[in-house]
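Heads up: the sequence lines are chains A and B, in that order.
If you number the first sequence the way my numbering does, the last residue is 150 and the count never jumps.
If you number the second sequence the way my numbering does, the last residue is 1141 and the count never jumps.
Source of the hints: derived by calculation from the structure; they are not laboratory data.
Watch out, some of these pointers could steer you wrong.
To be verified - Computed Cβ-Cβ distance ranges for the label pairs, DEER-style:
(1) B:Ala1138 <-> A:Glu47: 37 to 45 angstroms
(2) A:His94 <-> B:Tyr1004: 32 to 40 angstroms
(3) A:Asp5 <-> B:Ala1138: 47 to 55 angstroms
(4) A:Pro18 <-> B:Val1108: 27 to 35 angstroms
(5) A:Gln137 <-> B:Asp1043: 36 to 44 angstroms
(6) A:Gly81 <-> B:Asn1044: 17 to 25 angstroms
(7) A:Thr114 <-> B:Ser1046: 44 to 52 angstroms
(8) B:Gly1110 <-> A:Gln137: 39 to 47 angstroms
(9) A:Thr21 <-> B:Tyr1004: 22 to 30 angstroms
(10) A:Asp25 <-> B:Ser1046: 41 to 49 angstroms
(11) B:Ala1053 <-> A:Gln137: 38 to 46 angstroms
(12) B:Pro1095 <-> A:Lys34: 34 to 42 angstroms
(13) A:Gly81 <-> B:Glu1111: 38 to 46 angstroms
As the list claims (entries may be wrong) - Covered stretches of chain B, going by a simulated chain A footprint (3 or more residues, C-beta under 8 angstroms):
(14) 1093–1105
(15) 1113–1127
Ideal Cβ positions, reconstructed from N, Cα and C, are used throughout, including at glycine.
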Amino acid sequence: MTAQDVNFDRSQLGVGYPGGTFVVDKDDLLRYCKATGESDPLCNDEEAAKAAGHPALLAPPTYCANFVRSLGRPDIKLNFGRIGFHAGESIDIHAPIYAGDTLTATTGLKDVYTKTGRSGTMVFVVWETSFSNQDGQKVADVQESHVRRE
Amino acid sequence: MTRYYEDVELGDEIGPLEKIATDQSVSDFCDVWGNTGPSRFTDNESAQAEGLAGAIVPGIMSMSYMAQLLTQWTEGGSIKKLDVVFRQLVSHNSPLRLIGVVTDMNQVDGENQVECDLYLQNEQGDRMVGGQAILLLAIKG
Chain A
1 MTAQDVNFDR SQLGVGYPGG TFVVDKDDLL RYCKATGESD PLCNDEEAAK AAGHPALLAP
61 PTYCANFVRS LGRPDIKLNF GRIGFHAGES IDIHAPIYAG DTLTATTGLK DVYTKTGRSG
121 TMVFVVWETS FSNQDGQKVA DVQESHVRRE
Chain B
1001 MTRYYEDVEL GDEIGPLEKI ATDQSVSDFC DVWGNTGPSR FTDNESAQAE GLAGAIVPGI
1061 MSMSYMAQLL TQWTEGGSIK KLDVVFRQLV SHNSPLRLIG VVTDMNQVDG ENQVECDLYL
1121 QNEQGDRMVG GQAILLLAIK G
């Protein structure tokens, strides 16, 4: 099977959508740090962060990836496979994210492709999301790849 | 203490960082993530209903561990890019070892870039998550 054989809404490829607005909540940041064992004082101690020249608590580098799950995305009507997994994730960091920031996301379907291995054919779906802060500054680009297997 | 670009050499090891994703920590992560309720991440029965051996660690939680490995190593530097591949499902409550190695160094457009390969291994040494990163370090004086 090749990508040409995969049934999905191809009109969605390359189309950007508003993904939503997300507030970087201080309490959520602290809970995230506790859950992941992030001990960096800049992410846990507001005084330490400010003493180091930051305006507020610093979000850990991959924090905005948490928002991807809540993005408003269209249904691409992919008709393949009975189970899906997260295959990979890439983040390009352009600027720090801080507690109190409001991030705006735009998201879009980048690619759909197939691979065939020992376990059969797999279909990979790649989404791209850009996050900008309240000042219009781009803070991160996140690319996720999800795989569906038969 | 800061790790400076001049102090890094190709082949330098990064880490190791030892982590265990306990049932509680994964549950707490999922709460913040907004993925609440029984799921393949928090509940063994739900995971097994999907054909998995047991509850698994979310990929982005493993990725956060990778980021910790790097920020601890850079000692004041930053991550420019982190790219990970989730090769195998990561189980709860098992020792995880994160390591890296410096593979390239470049001074580009005013940035002091250090490239590295990264791995998250289980107790048996299997590479459950692989990745690459570009880090930015300061230079002395």
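Non-conforming hints, listed in increasing numerical order: Per hint list: 1, 2, 7, 8, 9, 10, 12, 14 and 15 violated.
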